Amino acid sequence: MAEVLVLVEATRDFTVKKVTLELLTLARQIGSPAAVVFGASGAAAAMSEKLGEYGAEKIYTGEGDEIDGHLVSPKATALASLVTRVQPAAVLLPSTQEGKEIAGRLAVKLDNGLLTDVVELTADGVATQPAFAGQVIVKSKVSRGIPLATVRPNSIAPTPAAATPQVEALEVSLGAADTLAKVVDRVVEQKGSRPELTEASVVVSGGRGVGSGDNFKLVEELADLLGGAVGASRAAVDSGFYPHQFQVGQTGKTVSPQLYIALGISGAIQHRAGMQTSKTIVAVNKDAEAPIFELADYGVVGDLFKVVPQAAEEIRKRK
Amino acid sequence: MNIVVLVKQVPDSGSERGLAGDNTVERQSANNVINEMDEYAIEEALRIQAAEGGEVTILTMGPERAAESIRKALSMGPDKAVHVIDDALHGSCALSTSKVLAAALGTLNPDLVIAGAESTDGRVQVMPHMIAERLGIAALTGARKLTVDGGTLTIERQTEEGYEVVTAATPAVVSVWDTINEPRYPSFKGIMAAKKKPVQTLALADLGIEAGEVGFAGASSEVVEHAKRPPRQGGQKVADDGNGGAALVEFLSSEKFV
Ligand SMILES: Cc1cc2nc3c(=O)[nH]c(=O)nc-3n(C[C@H](O)[C@H](O)[C@H](O)COP(=O)(O)OP(=O)(O)OC[C@H]3O[C@@H](n4cnc5c(N)ncnc54)[C@H](O)[C@@H]3O)c2cc1C
Ligand SMILES: Cc1cc2nc3c(=O)[nH]c(=O)nc-3n(C[C@H](O)[C@H](O)[C@H](O)COP(=O)(O)OP(=O)(O)OC[C@H]3O[C@@H](n4cnc5c(N)ncnc54)[C@H](O)[C@@H]3O)c2cc1C
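Here the protein sequences come in this chain order: A and B.
Numbered according to our numbering, the first sequence terminates at residue 319, and the numbering increases by one at each position without gaps.
Numbered according to our numbering, the second sequence terminates at residue 577, and the numbering increases by one at each position without gaps.
These are calculated hints, taken from the structure and not from any lab test.
It should be emphasised that the depicted structure is a prediction, and the values quoted were computed from it without experimental measurement.
Be aware that a few hints might be false.
Stated by the list, open to error - Computed list of lysine to aspartate or glutamate pairs in EDC-like fashion (alpha-carbon distance at most 16 angstroms, straight line):
(1) B:Lys556 x A:Asp13
(2) B:Lys556 x A:Asp303
(3) A:Lys139 x B:Asp559
(4) A:Lys286 x B:Asp559
(5) A:Lys317 x B:Glu569
(6) B:Lys556 x A:Glu220
(7) A:Lys286 x B:Glu569
(8) B:Lys556 x B:Glu541
(9) A:Lys279 x B:Glu574
(10) A:Lys17 x B:Glu480
(11) A:Lys141 x B:Asp559
(12) A:Lys182 x B:Glu569
(13) A:Lys319 x B:Glu544
(14) A:Lys306 x B:Glu541
(15) A:Lys139 x B:Glu541
Stated by the list, open to error - Counterexamples of contact, computed for chain B against chain A with all Cβ distances above 10 angstroms:
(16) Gly470
(17) Trp496
(18) Asn500
(19) Gly553
Beta carbons: idealized from backbone N, C-alpha and C, even for Gly.
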């Protein structure tokens, strides 16, 4: 069975991200999953157990400063030579900033078509992509080369299927153009115990109605009680209530959790663009006419400063 | 420093958008605007120009009506524009688009190319790296801050956990998020001046690209079909009578979230 290459996405401390497990699960339906690890030295050793648990038959690894210390390009070069060598049935990458960027360079190097933001991929290469904020569903396929797709986090339920991966260190020969963009520092700003926004199965978001950065504690509290991530509308971000990397919407993150709770968010079309494929949507808003209620499975018309603390208290009671 | 800003015309993300019968973006009926992120790219270019001198050129690949967006972009202050326009481009995939933009950039020889981090229609987020790959120059992407120090560029690249500081020498492509600056509004004077600014049009033949390499004919991926998704239906809506929070938890519990 031909290999399906899966680009591994992980945190800096080598925790495999959930989207990687989704990709391995998807890869098993197409061929033999082979995980590709790029990172600081020790990356593959730290993650091989987890990758094997989700079916990786093989792990290719490219580690060290050259690959890790330059933006995107060395990874694309290493991946391109691997593709040329093993002739995989497909290449799957996470539909994240870096995943898409690597895929873009790979597409140019191999002159191979690229599909981004894929949520489903059949064994014969037909992809499903939501377009325009999920208003339109597109079926597409690569017409030049092999299926090369970036897959959106939270699209596939990851299921384990134990394998014992064979680890192979890649010999990477980089060109001068691969080391032009040098990463000179990495700064961690936010790192709590909360799940990552695009991967979380519960997201609690606050909007302008939350009123201040301080009041976002209320949003965080509810998120923590539900084991979820915190998001924000653009109005909340622009007002300085919450940092930009948590913005949900057209110009922020696209999330697709099991449960999305919108607090003090009106539901503008650009906000909906980032959350309307969520499975269950709940809204709290004091304006009964707020458009967010048009898509909420459950809505409470009321003051969030009363409703949210009461809900938090009630959850605590039930725990 | 000679700067080229990549500007794409897109259908307004604030209205209903869709695909036409041939599976391409419905632009005929849409209210078409400058891709929002590209306004930040223009602003950043103008700020660098104010400090470093040089010229700012807008580069757009798009149909005839993209000319409106080019004028709008010029009204913010750039010096001139290049519009790549050719009927054969209809239906182009990202790979072909990058080939055309890279070829056009080749004729302009910029020190710095600034793009939006992504477009609001395709949201493919690959153009800056595809172009850099083709030109063999550096790409510094996802910037929330850009500093220019002679021929050295440094960005803060937004990541999930914080940011990375990434640096490269010119020539380079930089892509920006909307956190980087606050774009200016065109002044009346700017709008009047834009009418007289030069806009050069280029066809595929001017770039040495065959019609069959781009558009539907040269596409590396194809849309097989598309369908509108039925809109979500609103569910239960209750007014808070003093027990709204508890009722909410009751719902969450019935759905097994609590
Ligand atoms: C090109 C473009 C891209 C954009 N991208 C995004 C994006 O990525 N994400 C995004 O979110 N927006 C985006 N926007 C902005 C979007 O159009 C809206 O302006 C924004 O979503 C509004 O945020 P909001 O709902 O928090 O604020 P508002 O629209 O001001 O809504 C606040 C809501 O809070 C309610 N409220 C106030 N006080 C209370 C209270 N005490 N209790 C309960 N409810 C209360 C009000 O009734 C109101 O409905 C974009 C806009 C453009 C033009
Ligand atoms: C819903 C949808 C889904 C699509 N999916 C795919 C896909 O999976 N694979 C694929 O190959 N193509 C896809 N396309 C086509 C692709 O969007 C176009 O080829 C497009 O020209 C390039 O992608 P982008 O605008 O998304 O680029 P992005 O990489 O998101 O754009 C980033 C920046 O590049 C610059 N830029 C992009 N296009 C132009 C332009 N024409 N002129 C000037 N500057 C520009 C702008 O500065 C922009 O901010 C899709 C299009 C749509 C509408």
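Original post:
Checking against the hints above, which ones are violated?
Top reply: 1, 3, 6, 7, 8, 11, 12, 13, 14, 17, 19
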